[in-house]
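Asks: If you read the protein sequences in the order shown, they are chains D and F.
The first sequence: position 166 = 166 (the UniProt record's numbering), numbered continuously.
The second sequence: position 243 = 243 (the UniProt record's numbering), numbered continuously.
Quick caveat, the hints were computed from the structure, so don't treat them as lab data.
One thing to keep in mind: the hints can contain errors.
Any copy, or any two copies together, can satisfy a pair, since identical chains are not distinguished.
Below, in silico cross-link-like pairs of lysine-lysine (DSSO-like), each with a Cα-Cα straight-line distance of 30 Å or less [claimed, not checked]:
1) Lys371 - Lys327
2) Lys329 - Lys304
3) Lys327 - Lys127
4) Lys387 - Lys471
5) Lys371 - Lys500
6) Lys247 - Lys371
7) Lys404 - Lys387
8) Lys329 - Lys387
9) Lys310 - Lys59
10) Lys310 - Lys398
11) Lys59 - Lys127
12) Lys177 - Lys127
13) Lys500 - Lys404
14) Lys422 - Lys247
15) Lys127 - Lys404
16) Lys327 - Lys422
17) Lys489 - Lys468
18) Lys35 - Lys371
19) Lys404 - Lys310
20) Lys500 - Lys422
21) Lys371 - Lys398
22) Lys310 - Lys489
23) Lys304 - Lys17
24) Lys371 - Lys422
What you are looking at is a predicted structure, and each value in this text was computed from that prediction instead of being measured.
2 protein chains.
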Amino acid sequence: MVHDGDGYPMLNNEEQKAAGELPLTYPPFIASISKRGLNLSEVICEVFTLGWYGEQNTKRAVGVMCYYIDGTVNFYMRPIEGVMATVDLDKMKIVQYHDRLMIPVPKGEDTDYRESVQNPPFDTRIKSMTMLQPDGPSFTIDGNNVRWANWDFHLAFDMRVGPVISLASIYDHDMRKYRRVMYRGYASEMFVPYQDLSEEWYFRTFLDAGEFGVGICSVPLQPNTDCPPNAVFMDGYYTTRDGTPVKTSNVFCVFERYAGDIMWRHSETILPGDTVEVRPDVTLVVRMVSTVANYDYIMDWEFKQSGSIKITTSLSGILAVKASAYKHKDQIQEEVYGTIVAENTIGTCHSHYLSFYLDLDIDGDANSLKKAHLQSVRVTDGSSPRKSHWTVVDEVAKTESDAKIQLGLGDQTEIIVINPNKRTNVGNNIGYRLIPGPLAGPLLWEHDYEQIRGAFSNYDVWVTPYNKSEKWAAGAYIDRARGDDTIAKWTLRNRKIENKDIVVWYTLGFHHAPSKKISQSCLL
Amino acid sequence: MVHDGDGYPMLNNEEQKAAGELPLTYPPFIASISKRGLNLSEVICEVFTLGWYGEQNTKRAVGVMCYYIDGTVNFYMRPIEGVMATVDLDKMKIVQYHDRLMIPVPKGEDTDYRESVQNPPFDTRIKSMTMLQPDGPSFTIDGNNVRWANWDFHLAFDMRVGPVISLASIYDHDMRKYRRVMYRGYASEMFVPYQDLSEEWYFRTFLDAGEFGVGICSVPLQPNTDCPPNAVFMDGYYTTRDGTPVKTSNVFCVFERYAGDIMWRHSETILPGDTVEVRPDVTLVVRMVSTVANYDYIMDWEFKQSGSIKITTSLSGILAVKASAYKHKDQIQEEVYGTIVAENTIGTCHSHYLSFYLDLDIDGDANSLKKAHLQSVRVTDGSSPRKSHWTVVDEVAKTESDAKIQLGLGDQTEIIVINPNKRTNVGNNIGYRLIPGPLAGPLLWEHDYEQIRGAFSNYDVWVTPYNKSEKWAAGAYIDRARGDDTIAKWTLRNRKIENKDIVVWYTLGFHHAPSKKISQSCLL
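The shape of chain D in the complex, shown without the other chains (with noise of 0.2 Å):
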């Protein structure tokens, strides 16, 4: 099938390092850098996905951006402001250029996060520590399947969204079988919208899986660092352009986590001969981090004995400043859309979005979703000495409009997955809740292009009946696209959600005023 849509596929490496390298031997740019005193082999330039702002008629384009190395490896503090050049990938040459600023290249001193460069030395004070697990890890993987305690499930490596879990089920110790509870899950998409309207900065509305690939961009992890000693790894593969596999080894590790937590406790000291009973919290953690230019995400899928599965995403990396002439918060009288965190360094406010897919089949296929309302109810009529209590009002889901869900308002709701068609012994049903970490409200217009675009970050949650077409948040071509396949889109058809197939749609946000002064530590 070919597509006739609008949007193009994700980009590849060898196009994004060729396009790279464009500006090095392009006079003009060339010139800018001379202008500058800099010196050209000490710079290296980046590709940035330039969205879609209204334009009629789009091509494979990409924008090119420059930074300053010089003796830091941190040559995201040293954009070279105001200078992009626009790339066509199809021609694979300069089609547009402009050199519009200068601004001093912010100072490389201090910036080289390297242990071994660190001044003061980095702190080593703390002392070694390690897992021990003499007598091995309490799982097995056979192939791509992983069993530990009671949970059993499929993990894949996936070049666009990275880790695919399949068909968790936990053994059920009563009924001696196991459960299914999830058919699958992953990041099906990310969105990263910059807040700076500046020329090189407001087509700054990344949306990672679909335009360069969370997979792709996968990086082996690091024995012992990455991930703690008692991990195994899996290696993933994925094509380049023309086919030819590429391996990331170590893109995923499996570790059974225990970090001194408790899993259930309690001390029952009014009875004679006190009782005290406490189990540990050890748990299963999959992982695999995506650095997507100056961003690390970690992504973590943990699986608990309670039967919950735990999802996180930890940002970490080198954040994106925009070049400045200013020098000290007091001489900035305009917007500059961030926060001066280095003279000559404005660290630019940004959202992070991912939405999460999650095809959930608790106890079977049909499963409906209920919004479980914590109600404040008055008492008038004198019944109680109390005036007031709260309940729980159930409300069934039954179409997709049903469910679309801003979390945070006010209105204190629980959101759960049950399977309509299944009780417990007293009558109520199995499900599962989504607990929701802290939330991030969409900030910017709704119909904002890149908002358009990104729309699934409209709302906390969705849902869909399952539709194998329907995989990726903001749409299968999403490098240029219009915002037509996204997931607002196709629940304008408003279909019925209630006891059938469903797929869950998390957003998990964070909004990113830069605050910090710049340290080893914490770059976020």
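Place chain F on chain D using the hints.
Replies: Frame of chain D; chain F shown alone:
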């Protein structure tokens, strides 16, 4: 100074024990037990504070309600419902008694949580796992002073609030000195209102610290389970009512935590010669567990090398349940204030709120509270292809009213405590951000009795100027108090808080609508 206002001091263990034994020799109670065909020697009773519901005169009195053991240690699952004695603590006698319901005591089978009696055998397929620190811990404890990595703080035990962290300071390698972060911090109060309005339940709206003493209820920590094998323990002491010291052995543990997490990382693949830097995340944890009757509160203070302090309260233990005639959900046609979790057993809805007293002294005692509002901006002048962005609008709270903050109502605001008198070299204020966890806003009517007493839960954040008499968010004398000495009352003066020695009061909350089948690993 003699207290002549309303409210009484904390209960002590001796009087609770004495009051709890009174029914066992009280003929009407003996008759109640006999009438139910139960065996008196298998009955155990507990003390419940009565709160205040508009009574003109109160006395030091408690409710006493009883449970049936008979083959399980989990007597909390076996309430003898509808039977209640009221005990005058000064007279130490039953002054009121009723037996108004004949409801089956829930059965004892499958309630015992001890691993030794689990059937089928408790899952032990997880092989052993431990922490190894071949060179010993990296922290030192000198009396009650703890030093670890870049942190220095004092740890004290308090019979009312449990752990108290004081004089927490962090070492600045550039300045070569310790810089103060927090003068003092502790969980000043807990508020646990249940939502059942029946005669034996409506008053169950506990203020655990001021009524029972979170420190008094501390339990000895179990090596290797409550805390990891690399933990170091400390004892704590409190006094009985006649001043006799009581030791809680192992009341605190202090340990270095490494969960396999990453503090910071970056892979740089675009440079010649790949660079990978990864810093594993080792932190220091101080832990105490307080078992207030059925609930076990696991209270952690975690110090991070990045400079952050993370406060975690984990709730474990046993659900408080109500006996009921119902054996199946389909029989229930009335409000039962909870969820049927087993035959004859309703898990009652309730909330938990903790008020953390955080006297931050960031680089000195004069601090301010800054609200950084993330604000949407529409672009309508055609100056950019973008139609919107977001920016940060700072607002410094001038008075206590400005700092009564309900988070999570759509307004996306970061809460930052700054020292307005100190700036970084580029002119930013020094500060710490309060990063809240999931929020639980108030659900009771603000003029309801218990909500007046637990009014700290009306807001997620409050700020007061330091006042040595304002130590506990619900007041000093809490048992049966009328809410005249709460943070809601203090802040009516609307004192100035800008550039002052301020105290931040943070409300951590959980709503608990029981929904689970009771299982051995998770009773919450």
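Asks: Should Lys310 paired with Lys398 be assigned to within, between, both, or neither, using CA atoms and 30 Å as the limit?
Replies: Only inside one copy: Lys310 and Lys398 sit 27 Å apart there, 40 Å across copies, limit 30 Å.
Asks: Since the copies are identical, ignore which copy is meant and state whether Lys327 and Lys422 lie within 30 Å (CA to CA) inside a copy, between copies, both or neither.
Replies: between (64 Å within a copy, 17 Å between copies)
Asks: For Lys500 and Lys422, with the copy left unspecified, which applies at a CA distance of at most 30 Å: within, between, both, or neither?
Replies: Classified as within: same-chain Cα gap 14 Å, cross-chain 59 Å, threshold 30 Å.
Asks: For Lys371 vs Lys422, is the C-alpha pair at or below 30 Å within one copy, between two copies, both, or neither?
Replies: Within. Shortest intra-copy distance 18 Å satisfies the 30 Å Cα cut-off; inter-copy 47 Å does not.
Asks: State whether the alpha carbon distance between Lys35 and Lys371 is at most 30 Å within one copy, between copies, both, or neither.
Replies: neither (62 Å within a copy, 43 Å between copies)
Asks: With identical chains, the pair Lys329 and Lys387 could be close in the same copy or across copies; at 30 Å between alpha carbons, which is it: within, between, both, or neither?
Replies: The answer is between: 27 Å across copies meets 30 Å, while 52 Å in one copy does not.
Asks: Checking Lys329 and Lys304: alpha-carbon separation at most 30 Å within a copy, between copies, both or neither?
Replies: Close across copies (28 Å), not inside one copy (47 Å); limit 30 Å.
Asks: At most 30 Å between C-alpha atoms: does Lys404 with Lys310 qualify within a copy, between copies, both, or neither?
Replies: within (22 Å within a copy, 33 Å between copies)
Asks: Reference check for the pair Lys310 and Lys59, CA-CA at most 30 Å: within, between, both, or neither?
Replies: neither (40 Å within a copy, 48 Å between copies)
Asks: Indicate which option fits the pair Lys500, Lys404 if close means a Cα-Cα distance not exceeding 30 Å: within, between, both or neither.
Replies: within (17 Å within a copy, 44 Å between copies)
Asks: If the cutoff is 30 Å on CA atoms, where do Lys310 and Lys489 land: within, between, both or neither? Let me know, please.
Replies: Within one copy, since 29 Å is at most 30 Å while 41 Å is not.
Asks: For Lys489 vs Lys468, is the C-alpha pair at or below 30 Å within one copy, between two copies, both, or neither?
Replies: within (16 Å within a copy, 58 Å between copies)
Hints 3, 6, 9, 11, 14, 15, 18, 23 from the list above are not met by this structure, while the remaining hints are.
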